[in-house]
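With chain S held as given, fit chain H onto it using these hints.
Protein chains in written order, with the working numbering: chain S, 62 to 240; chain H, 406 to 714.
Hints should not be assumed to be uniformly reliable.
To be verified - In silico DSSO-like links for lysine-lysine, alpha-carbon gap of 27 Å or less: (1) 142/S / 492/H; (2) 142/S / 474/H; (3) 418/H / 142/S; (4) 445/H / 418/H; (5) 142/S / 713/H.
These are computed hints drawn from the structure, not numbers from a lab.
Here is how the chains run, residue by residue.
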Amino acid sequence: MSQKVLLNSKEVNIILHRLACQLIENHDNFEETVLVGIQPRGKFLANRLATLLREEYKIKNIQLGHLDITFFRDDFRRGAKPLEANTTEIDFIVEDKNVVFIDDVLYTGRSIRSALTAIQSFGRPKNIELLTLVDRRFSRHLPIQPTYKGRQVDAIDEQRVKVNWIENAGEDVVYLVDK
Amino acid sequence: MSELSVDHLLGIKYLNKRDIDLIFETADQFKEVINRPIKKVPSLRDITIANLFFENSTRTKLSFELAEKRLSADVINFSASQSSVKKGETLVDTVKNILSMKVDMLVMRHPNPGAGVFLSKHVDARIINAGDGAHEHPTQALLDSYSIRERLGEVKGKNVVIVGDILHSRVALSNIYALQLQGANVKVCGPRTLIPKYIEALDVQVETNLKKALQWCDVANMLRVQNERMDITYFPSTREYTQQFGINKDLLESLNKEIVIMHPGPINRGVEITSDVADSKQAIILDQVENGVAIRMAVIYLLASKIKQ
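Bound-form chain S, shown alone (with noise of 0.2 Å):
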């Protein structure tokens, strides 16, 4: 198995910040704006994101929530792993908002069609954006495209993209592994 660094550390860190202030752009003072990352691997990104939008850029009003998608997956029964659910953390009602699903890796879209299902037990929101750190071009089975995103590349199907952050892995790097 061999990998090739596609984001280091310090890319990674640039990207956070362009990204933030894409966020910012659009959203101004996120008053009617809420984050959310996707279960489980979106976690991380929304958390920096937030975090780095408070602290840096001193938005006071970031609401951030975890949504899980296992109950709403399309491939129920389909595959050879039994499917495992994470929490689901959101404590506010999507109503009439600006959504921002965050996740980490953008591939087929049915992560994303599955969170616009679940996202709907929520409320009706005004409307959705998609914030991914790497979109892997050419691989869709949906048409759902990232509003924002990191970095595109073009990976083939035996190839998997691999996020690390320093809260799961010590460090912030994004991997292209042969698998």
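Coordinates of chain H only, in the frame set by chain S:
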């Protein structure tokens, strides 16, 4: 691996500790789901479940049906009183007929102990035992333990006394297995005539003095006297039963600690428990009912995930 070790839920006896942990972790997520504005998930939209009730039930049937609907399963209901069972059809024939309508899972309550185990050997469907005679009622025991875990943090090391008609109770046996698997200490308390012989073989202590039992425990699970299952007289009068084994405010206040009161329902107010206790903060009876839906969703979801396409 996050998968149950069993293909059916026939009794707690067939589960291991890891299974119970997995059911509880999954139920945590479903409890969050059923408290959302929209309480439904689409996971089981291509699964059909038949609820077969050969014996009367109100809350268990409602709870299962709600759990199934919250998971988006298709549900059909069957009750023995309005069926061909009365015309002499056997259990296996009845069930095979239902399964030929492409049903994937059965939830069954039956008056005969072992009915679920018997059925699992003859038909090809996932089976959940919703009570078989005086044998087991696994989902009740799971929701009881889950409610203890919710209230007290964990089940391990807790002292639990089951009070009342142990002899005719499927809730008691399933609870004993479930609590012991999780490392709780279990006592039973009731009139000698309503405690099965050789129950000590299950590593359960018997206490016939209610006050002593309550003094010892962290949780008291109060059971109903099952008059409908009694063929002979087991105690002199209901009044005497209440005096010796009924729980009331004075008795609770005479203890030097606060214990948790549970009851699987239906309650006979004024017999095994007085209204002021049943409605007090110490009682988690309605939490048990709420948790019942989450636990049943978890069990159904985990068993359904083993049905391959």
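Going through the hints against the structure:
1. Proximity of residue 142/S to residue 492/H is assessed by CA-CA distance (about 45 Å); at most 27 Å being required, the pair is judged violated.
2. Restraint check: the Cα-Cα separation between residue 142/S and residue 474/H comes to about 25 Å, which is no more than 27 Å; the hinted pair holds.
3. Distance restraint check for residue 418/H and residue 142/S: the Cα-Cα separation of roughly 26 Å lies within the 27 Å cut-off, and the hinted pair is therefore satisfied.
4. For the proposed pair residue 445/H and residue 418/H, the alpha carbon gap of about 31 Å is over 27 Å, so the pair is violated.
5. Restraint check for residue 142/S and residue 713/H: the C-alpha separation of about 11 Å stays at or below 27 Å, so the hint holds.
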